[in-house]
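Kindly produce the complete structure, drawing on both the sequences and the hints.
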Amino acid sequence: MALNRKEIQRFAKFLSYVLGVRPDEFGLVPDPEGFVWIKDLLQALREEDEWRFLGRAHLAELLHAGFGQEFEIQEDRIRCRVPKGSILPEPVGSPPAKLYCAVRQRAHPVVLEKGLKPAKGPWVVLSRTPEMALRIGRRKDPHPVTLEVRAQQAAASGLRFHSTQGELFLVEEIPATFLVGPRPAQERKEGRASRRITALPTEPPIQGSFYPDPHKDMGLGPPRPSRRSKDPQWRRERRRGNKG
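Count along the sequence shown from 1, add 56, and you get the number used in my numbering.
Fair warning: there could be bad hints in the mix.
In silico DSSO-like links for lysine-lysine, alpha-carbon gap of 30 Å or less [to be verified]:
1. Lys95 - Lys154
2. Lys140 - Lys62
3. Lys69 - Lys176
4. Lys95 - Lys140
5. Lys176 - Lys154
6. Lys196 - Lys69
7. Lys170 - Lys154
8. Lys170 - Lys95
9. Lys196 - Lys176
10. Lys95 - Lys176
11. Lys196 - Lys154
12. Lys95 - Lys173
13. Lys173 - Lys154
14. Lys95 - Lys69
15. Lys196 - Lys173
16. Lys170 - Lys196
17. Lys140 - Lys69
18. Lys95 - Lys62
19. Lys95 - Lys196
20. Lys176 - Lys140
Read the hints as simulated data drawn from the structure, not as lab findings.
Written out as structure tokens, the structure is:
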């Protein structure tokens with residue numbers, strides 16, 4: 057879908073803010089030359105309701121419309137030629153106590169075991185808020201796992217942090233000891249299985265075995281009624297009279 061002149065002007069103003077003022081607000085980290093990957097830029101722009109339809113052709117259209125002096129495209133990268141703010145990462149002495157990163161579900165168990173390492177470029181990108189971490193993480197996995205980073209403890213151990221205006225923080229790596237997050241799904245499943253109580257099976261009786269019945273065989277049952285005489289009372293009396 058081509059943009060009309062008014063839309064192009066509005067798009068140029070918006071892109072100038074994204075690339076030249078606050079790329080960190082959109083989860084973007086420029087390289088030392090100020091470039092960001094076009095793929096990453098388009099993912100960020102499409103998260104905005106007004107610009108969900110944008111594609112690479114619209115960036116080329118912007119340059120052809122007379123904005124080539126403001127923006128520069130080199131192969132798969134784009135930058136604002138004259139940034140209006142400090143957009144490059146700068147060293148920071150003390151990061152916030154907690155930072156956040158959202159990782160792919162598939163990488164979740166490995167990260168908890170071995171720590172965070174750069175997926176692309178020289179930095180691990182951490183966010184000031186879990187919301188921004190989730191926004192960045194969803195660009196790679198629709199259901200990422202959010203991890204908490206004990207950033208101040210990591211800095212105290214000697215790790216050096218950089219920041220882009222306080223929204224994103226960059227570090228070369230984060231050892232697993234400074235990560236806090238949910239256990240992997242497989243581990244939770246195995247834990248539930250281990251807690252199940254299984255009833256022991258009843259052993260069948262051994263063939264040919266004899267088990268005494270205490271009531272029947274040891275005289276513990278109720279007394280049996282005495283056996284009544286077969287002769288009625290009148291017959292027994294007559295028998296005694298005949299003997300006398």
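Hints versus structure:
{"no.": "1", "hint": "Lys95 - Lys154", "result": "holds (29 Å)"}
{"no.": "2", "hint": "Lys140 - Lys62", "result": "holds (23 Å)"}
{"no.": "3", "hint": "Lys69 - Lys176", "result": "holds (29 Å)"}
{"no.": "4", "hint": "Lys95 - Lys140", "result": "holds (23 Å)"}
{"no.": "5", "hint": "Lys176 - Lys154", "result": "holds (23 Å)"}
{"no.": "6", "hint": "Lys196 - Lys69", "result": "holds (28 Å)"}
{"no.": "7", "hint": "Lys170 - Lys154", "result": "holds (19 Å)"}
{"no.": "8", "hint": "Lys170 - Lys95", "result": "holds (28 Å)"}
{"no.": "9", "hint": "Lys196 - Lys176", "result": "holds (12 Å)"}
{"no.": "10", "hint": "Lys95 - Lys176", "result": "holds (13 Å)"}
{"no.": "11", "hint": "Lys196 - Lys154", "result": "holds (23 Å)"}
{"no.": "12", "hint": "Lys95 - Lys173", "result": "holds (21 Å)"}
{"no.": "13", "hint": "Lys173 - Lys154", "result": "holds (18 Å)"}
{"no.": "14", "hint": "Lys95 - Lys69", "result": "holds (20 Å)"}
{"no.": "15", "hint": "Lys196 - Lys173", "result": "holds (16 Å)"}
{"no.": "16", "hint": "Lys170 - Lys196", "result": "holds (20 Å)"}
{"no.": "17", "hint": "Lys140 - Lys69", "result": "holds (12 Å)"}
{"no.": "18", "hint": "Lys95 - Lys62", "result": "holds (25 Å)"}
{"no.": "19", "hint": "Lys95 - Lys196", "result": "holds (12 Å)"}
{"no.": "20", "hint": "Lys176 - Lys140", "result": "holds (26 Å)"}
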